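Participant: Sequence:
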Amino acid sequence: MLKEVGASGQISLGKKYAGQLFDVVFYPDGRVEMVPMKVVPTVQGAAPDAPPSASPAHSVQQEAAAYRVGDGWLTPERLAARKAAYARTPEEIESARNQWEAENKDAIEAMNARMAKIGSMGKRIHEWRKAKAGR
5 MLKEVGASGQ
15 ISLGKKYAGQ
25 LFDVVFYPDG
35 RVEMVPMKVV
45 PTVQGAAPDA
55 PPSASPAHSV
65 QQEAAAYRVG
75 DGWLTPERLA
85 ARKAAYARTP
95 EEIESARNQW
105 EAENKDAIEA
115 MNARMAKIGS
125 MGKRIHEWRK
135 AKAGR
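So in this note's numbering, spot 110 of the sequence shown is number 114, and the numbers just go up one at a time.
Source of the hints: derived by calculation from the structure; they are not laboratory data.
The structure displayed is predicted, hence computed values, not measured ones.
The beta carbon of each residue, even a glycine, is placed where N, CA and C say it ideally should be.
A hint or two may mislead.
Listed below are the simulated DSS-like cross-link pairs for lysine-lysine, each with C-alpha atoms no more than 30 Å apart in a straight line [said to hold, decoys possible]:
no.	residue 1	residue 2
1	Lys42	Lys19
2	Lys7	Lys42
3	Lys7	Lys20
4	Lys127	Lys20
5	Lys121	Lys136
6	Lys127	Lys109
7	Lys7	Lys121
8	Lys7	Lys19
9	Lys121	Lys109
10	Lys121	Lys134
11	Lys87	Lys7
12	Lys109	Lys87
13	Lys42	Lys20
14	Lys87	Lys42
Computed Cβ-Cβ distance ranges for the label pairs, DEER-style [unchecked claim]:
no.	residue 1	residue 2	range
15	Glu113	Leu25	43 to 49 Å
16	Ser16	Ala85	29 to 35 Å
17	Gly23	Glu98	39 to 45 Å
18	Glu105	Thr79	25 to 31 Å
19	Ile97	Val39	20 to 26 Å
20	Ala85	Lys109	21 to 27 Å
Take these sequences, add in the hints, and give me the full structure.
Facilitator: Structure below.
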């Protein structure tokens with residue numbers, strides 16, 4: 005989905021996301037990532053400005069483990085893997101790409117042969133639409 009930033013620097017995500025909190029991450033290459041968050045209060049005991057006799061009114065009501073990031077697909081493991089991936093150098097990325105290509109060489113060659121034989125889905129749809137329009 006493409007979203008355009010307006011003249012005031014705002015984007016609209018829709019009513020579905022109204023009132024939700026997002027952690028916005030700006031990357032050096034210009035990417036912007038918005039990760040849905042749930043805020044867990046970490047204040048323990050009484051409020052700092054409350055009298056010493058006050059009961060602990062500001063305490064955590066649930067365990068932090070009860071909260072999930074977004075819809076649960078951003079597990080701590082995935083967040084750590086994503087952070088490690090962003091920290092890789094261009095040489096490491098190229099090496100990983102070459103390794104993946106070597107491991108999948110047979111599948112890549114089979115797909116290329118299939119595309120040469122029957123054409124890509126885009127070309128087949130284009131030809132089908134052209135034939136349909138000519139009827």
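Participant: Does each hint fit the structure? Answer for all of them.
Facilitator: Hints, verified against the model:
Restraint check for Lys42 and Lys19: the C-alpha separation of about 18 Å stays at or below 30 Å, so the hint holds. Among the hinted pairs, Lys7 with Lys42 is consistent with the structure: their alpha-carbon atoms are about 24 Å apart, no more than 30 Å. As the CA atoms of Lys7 and Lys20 are separated by approximately 15 Å, the hinted pair is consistent with the 30 Å bound. Only pairs whose Cα atoms come within 30 Å are accepted, and Lys127 paired with Lys20 is rejected, the gap being roughly 37 Å.
Between Lys121 and Lys136, the direct Cα distance comes to roughly 22 Å. Compliance with the 30 Å bound is thereby established for this hinted pair. For the hint linking Lys127 to Lys109, the alpha-carbon distance of about 24 Å falls within 30 Å, and the restraint holds. With a C-alpha separation of about 38 Å, the suggested pair Lys7 and Lys121 falls outside the 30 Å cut-off, and the hint is violated. Restraint check: the Cα-Cα separation between Lys7 and Lys19 comes to about 15 Å, which is no more than 30 Å; the hinted pair holds.
At most 30 Å may separate the alpha-carbon atoms for a hinted pair to count; Lys121 and Lys109 meet this at roughly 18 Å. For the suggested pair Lys121 and Lys134, the alpha carbons sit about 20 Å apart, so the restraint of at most 30 Å is met. This hinted pair checks out: Lys87 and Lys7 have alpha carbons roughly 25 Å apart, not beyond 30 Å. Restraint check for Lys109 and Lys87: satisfied, since their Cα atoms lie roughly 28 Å apart, inside the 30 Å limit.
Between Lys42 and Lys20 the alpha-carbon distance is near 16 Å, which keeps this suggested pair within the 30 Å criterion. Under the criterion of a C-alpha separation no larger than 30 Å, the hint pairing Lys87 with Lys42 is consistent with the structure, at around 20 Å. Checked against the hint of 43 to 49 Å, the C-beta distance between Glu113 and Leu25 comes to roughly 47 Å, which is consistent with it. For the hinted restraint 29 to 35 Å between Ser16 and Ala85, the CB-CB distance of approximately 31 Å keeps it satisfied.
Checked against the hint of 39 to 45 Å, the C-beta distance between Gly23 and Glu98 comes to roughly 43 Å, which is consistent with it. The beta-carbon spacing between Glu105 and Thr79, approximately 28 Å, falls within the hinted interval of 25 to 31 Å. Here the CB-CB span from Ile97 to Val39 is close to 22 Å, well matched to the stated 20 to 26 Å. Look at Ala85 against Lys109: about 25 Å separates their beta carbons, and that is inside 21 to 27 Å.
Violated hints, in rising order: 4 and 7; the structure is consistent with all others.
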